[in-house]
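Participant: Heads up: the protein sequence lines correspond to chains R and P, in order.
Going by this note's numbering, the first residue of the first sequence is number 62, and it counts up by one from there.
Going by this note's numbering, the first residue of the second sequence is number 336, and it counts up by one from there.
It is possible that part of the hints are untrue.
Below, in silico cross-link-like pairs of lysine-lysine (DSS-like), each with a Cα-Cα straight-line distance of 25 Å or less [claimed, not checked]:
1. P:Lys621 / P:Lys360
2. P:Lys621 / R:Lys313
3. R:Lys313 / P:Lys406
None of these hints come from the bench; they were simulated from the model.
Quick caveat, the model's predicted, so the values are computed rather than measured.
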Amino acid sequence: MSIERRRAAKLPNLKRRVLLPAAVGVAAAGITTLALLPQAGAAQSNNPSDLGNYGYTGSYIYGGTPSKGGGPITYEKLNPASIPYGKTLFLENCSTCHGVEAQGTTRAPNLQGLGAATIDFWVSTGRMPLADPTVQAVQKPPRFSRSQTLAIDAYVSSLAPGGPAIPNVNLTLANLAQGESLFSTNCAACHTITGAGDALASGVFAPSLMAATTTQIAEAVRTGPGNMPRFGPNTLTDQQVADVVKYVDYLKAPNDRGGIAIGHVGPVTEGFVGIIIGLGTVMLAGLWIGGRAK
Amino acid sequence: MITQTADWFDERLGIAKFTRKSLNKIFPDHWSFMLGEIAMYSFIVLLFTGVFLTLFFVPSSKEIIYHGAYKPLDGHKVSEAYASTLNLSFSVRAGLVMRQMHHWAANVFVAAIVVHLCRVFFTGAFRKPREINWVIGTMLLILAIVNGFLGYSLPDDLISGTGIRIAFSILLSVPVVGSYLAFFLFGGNFPGHSIIPRFYALHILIIPALIAGLLGAHLAIMWHQKHTQYKGKGKSERNVVGVAMWPAYALQAGGFFFLTAAVIAILGGLVQINPIWLYGQYIPYKVSYAVQPDWYMGWLDGALRLMPSWEIAGFGHMIPTVFFPAVLLPGITFTALALWPFIEKKITKDTAEHHLLDNPRDVPWRTSVGVGVLAFYVVLFFASSTDVLANSFQLSLNFVLWGFRILVFVVPPIAAFVAYKVAKEAGSVPGTGRRKRANVILRNAQGAYYTEQTAPRSPQHEEEVAEELPEEVVYHALDRNHHGELVGSAAPSGAGGPAGSPSHSGVDLGPLPSGGSGIFRIPRVRRSAAPDGNGEPIGGIGDRG
């Protein structure tokens, strides 16, 4: 029997042996994929209740009477017993510029009635105490522990009523997609769309959001530190603030599916990598392959 | 079998002569001649990855509600172009790596063109008879930049949408015809619904076809005129010294293509570029700070940033400030660039043909002009990242901006002056750039030390290196004694065959396979065939007809 004829004889056998398992395999893979697809979608899909409450709920409480509700943002209840300790800390560290009663001096503004959230933001991010009031304060390791900071907050907010309390954000009740929409509309113009921050003008800059805690982000939105606009309850509801906070929190470690993120600053670093590493490597390869001057 | 097939075609098309000539064509071997190749190979990668992307990209501004794999944008109103790019990045197998390779290849493509242009400029390779190829090259550069911008704009994301907005304003700024131009291109006012499909047609069809056509012409003219070469031993205006097309050059170039593609693939797989899902859909009222174009548009963006907001009036109308940095500057840039061979000819009054390249130090004034102009565009390029530089180095944005406004006028003359002095200095030192000979420290009988220069590298030494090469490379070798004849020198020396005889080129055809007129028979010389072993072992010499 010639080789060709033997092959021909084996062909149907081969077909049965290979094609059938292959067909079964493809079908199984297809069914598995179809079965997995909706699940994969559902795993991250939004609970309809997340989309919920965008109206002003009235849970936004000013001054020293914080709420303990179950909303996306709850407000810190400050301990009145810590007020004397807070006063001591304030007198030691803040009163030189802000005055003994936080009433303000020629060097620094009046803090009375600004609310616990304002004080907490500036102290907990390390921006206060500030060495040089003529330049924009930068985030640095805070001088005070969390309990010391809360004591200062309690003392200053006890001096006069008013201002927002310290917000705690419940991210599980916040909506990421709504947060993206609000962030790109209200925040990206200065902080950049990736939250990396950027220089604005005349030494003013929008800081990077990567190091801010959820409470600090909500505080900044509500109190508008420095040049940042203040977003009050008539502009953004508690739910919307929580949504923005959730998106900013996501931006700290976003989906970098493409690989190394190279700073999230767009074409500046991309061009650098493309020219120096991309073309540079290929040119070295050319130097390796090609001839040299003789 | 192969011989029969080849003969079949040869008998009908007469391709044997051309193929034989092509396979034996000599290419000068120098790494700097491979810079243009990088651009060509990146272009091939662009074509392959681009075809893949067209299978999934939907060029439409139609608004849909996004319900895809990327949850932070779930339920958003997005354009089909943006949604399909997200889908391409998240749900299509290998879609993201293809998209990123496409983008990195574009960055490498334009960068390679620029570096290739610098090589051609500084070595004077654009001189007669290569002016046409220089003009084609500048057209390729313009098309590459334009197509890069169009491709960057297609995903319809926040960053690229801002770029389209700027492009619309630039078109509007052209006096008299601006508004017509802008409305013609955009099919109405910005943003409209026509721009994505129109950019798509330009990006995937019209401009790539132009690039491919001009690239073909660029290569055909290079092929016809033969490559330039650096001055050196055995090289003249009348010959080309190097390696032959087959197998040495073809394998070298083929390997280089794979290396280029590999670097682009590694970048595409490992380094994120243009993560449009983090940018979101372009909506005209939204804007992000830190918006830059891709690097090759950077000099235009930098010029826009540096231009003061003067209100310049002419003929009773105000000319928008944008016109000067964004229309006039590139107009002057590319016109002057394309006309440079003719400008230089006016200056030097040099009408001779040149096939030997200048060393940049040999022509200090041209090197100086090139470095100065290049410095101007490099400063503009860095000026496009004023905000990122200010933020990274904690400087005031205004300080950085004013710094660049001064640097853009100060740096170019300084760079040109320094380049002139360096070139002049290097050119006047004999032996600059040649390989140094080692000094050996010796001690004499009296115990005194002295140095002695080692002997120059012997041809024997060169040959030892050559012997490590595989035998296939060592072909088409020429008897040194026959050089004169081949290149048409007046005094042929040595005992070669008479001119016009079959062995006129000094090439021993060696043992040939059977058959009369095969294409693939390559004249070859075994090492023993070269008398006294003094041949040119690695390459060959082509006749510049």
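Participant: Could you run down the list of hints and mark each one as holding or not?
Facilitator: These are the hints, each one checked on the structure:
Using a Cα cut-off of 25 Å, the hinted pair Lys621 (chain P) and Lys360 (chain P) is violated, with the two alpha carbons roughly 58 Å apart. For the suggested pair Lys621 (chain P) and Lys313 (chain R), the alpha carbons sit about 21 Å apart, so the restraint of at most 25 Å is met. Straight-line distance between C-alpha atoms of Lys313 (chain R) and Lys406 (chain P) comes to about 16 Å, which keeps the hinted pair within the 25 Å bound.
Hint compliance for this structure: hint 1 alone is broken.
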